[in-house]
Amino acid sequence: MRENLHRFFRAARGAGVRLSPAESIDAMRAVSKVGFTDRTILRDTFLLTLAKTQDEKKALGDCFDLFFDQPEPETPPEDGKTEEQDTQGSNAASDSPGETSGGEQAEGLGQLAQMLLAQDRNQISAAIANAASAASLSDIRYFTQRGIFSGRILDQMGLQRLRDDLDNLTATNPALAERLTNALDGLRGTVRDTVSQALMLYGREEAENLRNEILRNAPLSRIEPRQVEQMRHLIRQIARRLRERYSKPRKRQRRGHLDVRRTIRRNAAWGGVPFLTAWKRRHRDKPKIVALCDVSGSVARVSDFFLLLIHSLHEVVDDVRSFAFSGHLIEVSDILESKSPEEAMAEIMSKVGFGSSDYGSSLDDFEHGWMNAITPQTTVIVLGDARSNNLDPRADILRRIAERSKRLVWLNPEGRMAWGWGDSEMPRYSTFCTVVRQCATAKQLERAVSDIVASYQ
Amino acid sequence: MADTRPSASIEAVESGLAAQGYIASRQIATAVYLAQQIEKPILVEGPAGVGKTELAKAIAAWRGMKMIRLQCYEGLDEAKALYEWKYAKQLLYTQILKDKLGEVLGGAPTLEAALNQLHDFGDVFFSKEFVEPRPLLQALEQPAGCVLLVDEIDKSDAEFESLLLEILSDFQVTIPELGTVVAVSPPTVILTSNSERDLGDALKRRCLHLHIGFPEQKLEERIVESRVPGISQTLRRQMVGFINEVRTLDLKKLPSVSETIDWARVLVLLQAPELGHEVVKDTLNVLLKYEADIEATMPQVSTFIAKASRQGVFG
Numbered sequence: 001m002r003e004n005l006h007r008f009f010r011a012a013r014g015a016g017v018r019l020s021p022a023e024s025i026d027a028m029r030a031v032s033k034v035g036f037t038d039r040t041i042l043r044d045t046f047l048l049t050l051a052k053t054q055d056e057k058k059a060l061g062d063c064f065d066l067f068f069d070q071p072e073p074e075t076p077p078e079d080g081k082t083e084e085q086d087t088q089g090s091n092a093a094s095d096s097p098g099e100t101s102g103g104e105q106a107e108g109l110g111q112l113a114q115m116l117l118a119q120d121r122n123q124i125s126a127a128i129a130n131a132a133s134a135a136s137l138s139d140i141r142y143f144t145q146r147g148i149f150s151g152r153i154l155d156q157m158g159l160q161r162l163r164d165d166l167d168n169l170t171a172t173n174p175a176l177a178e179r180l181t182n183a184l185d186g187l188r189g190t191v192r193d194t195v196s197q198a199l200m201l202y203g204r205e206e207a208e209n210l211r212n213e214i215l216r217n218a219p220l221s222r223i224e225p226r227q228v229e230q231m232r233h234l235i236r237q238i239a240r241r242l243r244e245r246y247s248k249p250r251k252r253q254r255r256g257h258l259d260v261r262r263t264i265r266r267n268a269a270w271g272g273v274p275f276l277t278a279w280k281r282r283h284r285d286k287p288k289i290v291a292l293c294d295v296s297g298s299v300a301r302v303s304d305f306f307l308l309l310i311h312s313l314h315e316v317v318d319d320v321r322s323f324a325f326s327g328h329l330i331e332v333s334d335i336l337e338s339k340s341p342e343e344a345m346a347e348i349m350s351k352v353g354f355g356s357s358d359y360g361s362s363l364d365d366f367e368h369g370w371m372n373a374i375t376p377q378t379t380v381i382v383l384g385d386a387r388s389n390n391l392d393p394r395a396d397i398l399r400r401i402a403e404r405s406k407r408l409v410w411l412n413p414e415g416r417m418a419w420g421w422g423d424s425e426m427p428r429y430s431t432f433c434t435v436v437r438q439c440a441t442a443k444q445l446e447r448a449v450s451d452i453v454a455s456y457q
Numbered sequence: 458m459a460d461t462r463p464s465a466s467i468e469a470v471e472s473g474l475a476a477q478g479y480i481a482s483r484q485i486a487t488a489v490y491l492a493q494q495i496e497k498p499i500l501v502e503g504p505a506g507v508g509k510t511e512l513a514k515a516i517a518a519w520r521g522m523k524m525i526r527l528q529c530y531e532g533l534d535e536a537k538a539l540y541e542w543k544y545a546k547q548l549l550y551t552q553i554l555k556d557k558l559g560e561v562l563g564g565a566p567t568l569e570a571a572l573n574q575l576h577d578f579g580d581v582f583f584s585k586e587f588v589e590p591r592p593l594l595q596a597l598e599q600p601a602g603c604v605l606l607v608d609e610i611d612k613s614d615a616e617f618e619s620l621l622l623e624i625l626s627d628f629q630v631t632i633p634e635l636g637t638v639v640a641v642s643p644p645t646v647i648l649t650s651n652s653e654r655d656l657g658d659a660l661k662r663r664c665l666h667l668h669i670g671f672p673e674q675k676l677e678e679r680i681v682e683s684r685v686p687g688i689s690q691t692l693r694r695q696m697v698g699f700i701n702e703v704r705t706l707d708l709k710k711l712p713s714v715s716e717t718i719d720w721a722r723v724l725v726l727l728q729a730p731e732l733g734h735e736v737v738k739d740t741l742n743v744l745l746k747y748e749a750d751i752e753a754t755m756p757q758v759s760t761f762i763a764k765a766s767r768q769g770v771f772g
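Protein chains in written order, with our numbering: chain A, 1 to 457; chain B, 458 to 772.
Since the hints were made in silico from the structure, they are not lab data. It cannot be assumed that every hint is accurate.
[Said to hold, decoys possible] Subject to a maximum C-alpha distance of 30 Å in a straight line, what follows is the list of computed BS3-like cross-link-like pairs (lysine-lysine):
#1 B:Lys-514 x B:Lys-555
#2 B:Lys-612 x B:Lys-523
#3 A:Lys-57 x B:Lys-612
#4 B:Lys-612 x A:Lys-339
#5 A:Lys-339 x B:Lys-746
#6 B:Lys-523 x A:Lys-280
#7 A:Lys-443 x A:Lys-406
#8 A:Lys-58 x B:Lys-710
#9 B:Lys-585 x B:Lys-537
#10 B:Lys-546 x B:Lys-514
[Stated by the list, open to error] Example chain A residues on the side facing chain B (calculated, C-beta under 7 Å, incomplete):
#11 Arg-39
#12 Arg-43
#13 Gln-54
#14 Asp-55
#15 Lys-58
Heads up, the beta-carbon is just placed ideally off N, CA and C, and yes, glycines get one too.
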C-alpha cells in the first residue's frame, strides 16, 4: 500500500497539485490515522492534507477517482464484482454453446491465448496491470508515447506467443482462430484504454507544460480558434504572475526607517524624549499608465489579447487609463474595471472594434479629449501595428505625447521586417518612442509588460 | 462536555459538534478529527457567513476549552498579536527605583565600576513581569489548552503571516529578550480566510486546508432545524429550496448560511405558515444585502417559490 501511496502522490503531481515531501508525510500520517477502509474519508483526508486551493482540490479529487478506479494487481476483486462477472461469463458461454469446447482445444496454446479464450476478465485485467507495472507504465509522459507503452505491455503479456498460436490455428481450427483474433482486438482496446488512463494520470503536467511553452512562443495572430481559450488562460496566468510579483513589494516599502533627525527636532519641546516618531519615506513614483489599444480589423486577432493584458494591468497598477481605437478613440477604463474580461472585450469591440484604423484621427481624438491625463510620471503604452491606411499619421501629436510623458512604449505585433513597408508608419512614430518592441507572442507580451511595471518598483 | 482528550473517531467529532448546535459536513468533521490526531492547524476558506468562525466556537464549547480570538486587519503587527513590553510600567519602576540607585551604586569608587554594577541589573526590566501577552502568546500559555482562532488572516499583511509560521508549525514563539516560549499544551488552531488575497505557500503548507462552501440542501435544512427549532418542516424545506434557487443567480453577495438562519428566525417571528409571495417580498432584505441584488431577485420570486414548493412535495 505504501508503494501505492507513492504512486498516487506522483499522479497527483501530474495532475498539477504541487506536493512537497512535507505534505506527503503529513498525508501519510493522516492516512495512518483514518485507515484505508472508507474511501470517501480517505478522499477527504487527501483533499485536506495535500490540496491547498479549490482548483487543486478539484484536480486532486479527479485524480483520486481516476487512480483508485484502476485495477489493482494486489487487491482481490470485491465480491459483488466477481458475481456480476461470473454471470456475464456464463451468459457469454450460454450465448455460444457450440464453442464451449474451446477449453479442450486450447491445450497446446500459450498462456495468453488460453486466458483470452477463457474470457476471465479478472484474470485479464490483473495480467494487464502486472504487465503495465513491468513496463513501468507510470513513467509515461507524452501522448506520443502511447504506442510504445501499448506495445510494451502487449509484449510483456506474451503477444509473440499468441501470434505463433494464431498462425498455427488458422490452418487447423479457423473458427477458434477467428475467436482469438476478436479477443485480441478486444485486448488491444483495453490496453489502449489503460495506457490513456495512465497518460491522464501521470502525463498531464508535462504535456501541459509543453503545450504552454509552444503556445507562449506562437504568434498571437496565427492562433487557431480552438486554441484561443487556452491562450486566454495562459495570458491570465501571466497576468496573475505579474500581480503576485509586483503587488507585494509596494506594500512592504510603505514605511521606511526611523528618521532620527526629524524625530529629535519634532520632540525638542519634550526635552528630546521621543513621543512622536518620524519615519523616512522612500519617495516612489506611483505607476501611472495610459494605454492606447488598436482594435481595428488588421490587428483584430491580436487585440483580444492586448485588451486582456490591459485588463490585468488594471489589477496590478492603480492608476491606469485605457483607450481603444480604430477609426476614432474612446476611453474604456470604466468598462475594463467594472466588467469581467470577456464582457469588457465584447463591449469594447462592439463600440469601436473591427473598423479600419485611422491613427491620425485617433491621436487627434486623444489630444483633444484626454491630453491632460498625461503627466511627467506617466508611461504611455501604444499597442498597434501602426498601419494607418495611408491617412495622415499625425506623428506630431505623438511627439507632443512623448514630450509630456515619462516614457512612450510602442508594442507592435508585426515583425521588424514589416515595419515601414506598405502603409506602416512605424519608422515615423518610432523616433518619438522611448522603447519600441515587437510583441507577437505571449512571451514577448509578458516581457514587455513586466518591464513596464518593473520600472516603477 | 469538558472532554479535552482527542476524540476517538470522526463520528464522535460530528456528534460532539452537533451537541453544540453546529451541524458539520463529513469533510468538516474529518478535518477537525485529523487536526487533533496529527496536531495541525486548520485553514478554513470559503465565502462569508458559511460558519467558519462558528466552527471554532463550536469546537471550543464542545471540548470545554477557552477560545482566544485574534481578529486580523491590515497593519496588525507583533506588538498587537504576540506580546509587547509594558513600557509605562518599566518607566514607572525606573522612577520609583531611582532612589535605590544610590544604594546600588554606593560602593562603587569609579564610574566604570558603577557601570559594571548597573549591567548586573540590566536585564531586570526585560523579564516576564514586563511582558504584556497578546492573543498568540496567551494561547500558548493556557495550561489546559485552548482554541486559537486567527480570524480573517487574509486581511492582514503578508509579513504577519511569517510571524505566525513558528506558532503554526511548532506551537512556540521566540521572544528575543526572553528566549523561546513553548506551548504548555498545543492549542487547536483555526485560521479563517475569505480569500481576499492569496495566502503564502509556507502558511498553507503548515495547515490542513478546508474549504467550506454553501452546504447541500439536506445539510442546510438540518442546520436550520438545529438553530431555529420553532420552524415547521414544510417551511424549512421551502425556504432552503428558495435560497438555493437564489444562489444560482449572479448576485453581488449570495446569501449564506447565516442569512438563512436569520431569515428562518424572521419567518418564525412573522408566524408565516408557508412561503408566500408577500412574505418573501417583505423580508427579502434579510436575505440580500444590496439593493441591486434585491431588484435582480424580485422578478424571479414567484418562480422560485413555485420551484421550492414542488421540491418540498417530492423531496
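Going through the numbered hints above, which ones does this structure break? Give me the numbers in ascending order. 1, 6, 10, 11, 12, 14, 15
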